[in-house]
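The residues making up each chain are set out below.
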Amino acid sequence: AQTVTQSQPEMSVQEAETVTLSCTYDTSESDYYLFWYKQPPSRQMILVIRQEAYKQQNATENRFSVNFQKAAKSFSLKISDSQLGDAAMYFCAYRSAAYGQNFVFGPGTRLSVLP
Amino acid sequence: ETGVTQSPTHLIKTRGQQVTLRCSSQSGHNTVSWYQQALGQGPQFIFQYYREEENGRGNFPPRFSGLQFPNYSSELNVNALELDDSALYLCASSLAVAGGPDEQYFGPGTRLTVT
Chain A
1 AQTVTQSQPE MSVQEAETVT LSCTYDTSES DYYLFWYKQP PSRQMILVIR
51 QEAYKQQNAT ENRFSVNFQK AAKSFSLKIS DSQLGDAAMY FCAYRSAAYG
101 QNFVFGPGTR LSVLP
Chain B
116 ETGVTQSPTH LIKTRGQQVT LRCSSQSGHN TVSWYQQALG QGPQFIFQYY
166 REEENGRGNF PPRFSGLQFP NYSSELNVNA LELDDSALYL CASSLAVAGG
216 PDEQYFGPGT RLTVT
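Order-wise, the sequence lines are chains A and B.
Per my numbering: the first sequence = residues 1 to 115.
Per my numbering: the second sequence = residues 116 to 230.
I should point out that these hints are in silico values taken from the structure, not numbers from a laboratory.
You may find that some hints are simply not true.
[As the list claims (entries may be wrong)] Examples of chain B residues toward chain A, derived with CB under 10 Å:
id	residue
1	GLN152
2	GLN156
3	GLN159
4	GLY171
5	GLY173
6	LEU203
7	LEU205
8	GLN219
9	GLY222
10	PRO223
11	ARG226
12	THR228
Since we're looking at a predicted model, the values are computed, not measured.
For each residue, glycine too, the CB sits at the ideal point set by N, CA and C.
Whenever a hint applies, use it, and build me the whole structure from the sequences.
Quick look at the structure:
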């Protein structure tokens, strides 16, 4: 079974600075997808960024980028120019490329943004 | 295009009772997944419905059951409630496409408290 680990229960960053959230996963599969979701106090899970395992190029979405190291099974999220609205729980998630498979989530990292 | 909606927002039940939670999927989506998120943890997969059939199940007992209707909305039923069932229940809808990343869109969740 796949597992996802987030070793940082809490992180903080100064507004306008850069922060990196860590995620590692364990799988024997070669084809899969990785995601970062954000869950603000409103509870709604919001997709931040997605990475296909077969792509070597790291995904980027505006201020959010990932460092995907397939051999090391590492998938970190970098948030640049942090904003107060970035404060939330961040979950790393794995999904097999096999049809019908569901997400396996990590335990989350709570990010605080300091003004 | 409407997003994923869930009802009710909050619910308080007594141990041993039964509860039904509801989810309306995003327009055009044919798959609904349910997750249980205990306080301070990542979501755990309960089950998934695709075109009214259960299409995968996590490690949850049979007292957790579900339905999907022809309009792709869904219900989660929990019988014989236990205190440990207290959690945020998330519904996510997606459009299942073979070989695709099957991106899931989450609803705001139902907070269930069992006393």
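So, going through the hints one by one against the coordinates:
no. : hint   : verdict
1   : GLN152 : holds (8 Å)
2   : GLN156 : holds (6 Å)
3   : GLN159 : holds (8 Å)
4   : GLY171 : holds (5 Å)
5   : GLY173 : holds (7 Å)
6   : LEU203 : holds (6 Å)
7   : LEU205 : holds (7 Å)
8   : GLN219 : holds (7 Å)
9   : GLY222 : holds (7 Å)
10  : PRO223 : holds (5 Å)
11  : ARG226 : holds (8 Å)
12  : THR228 : violated (14 Å)
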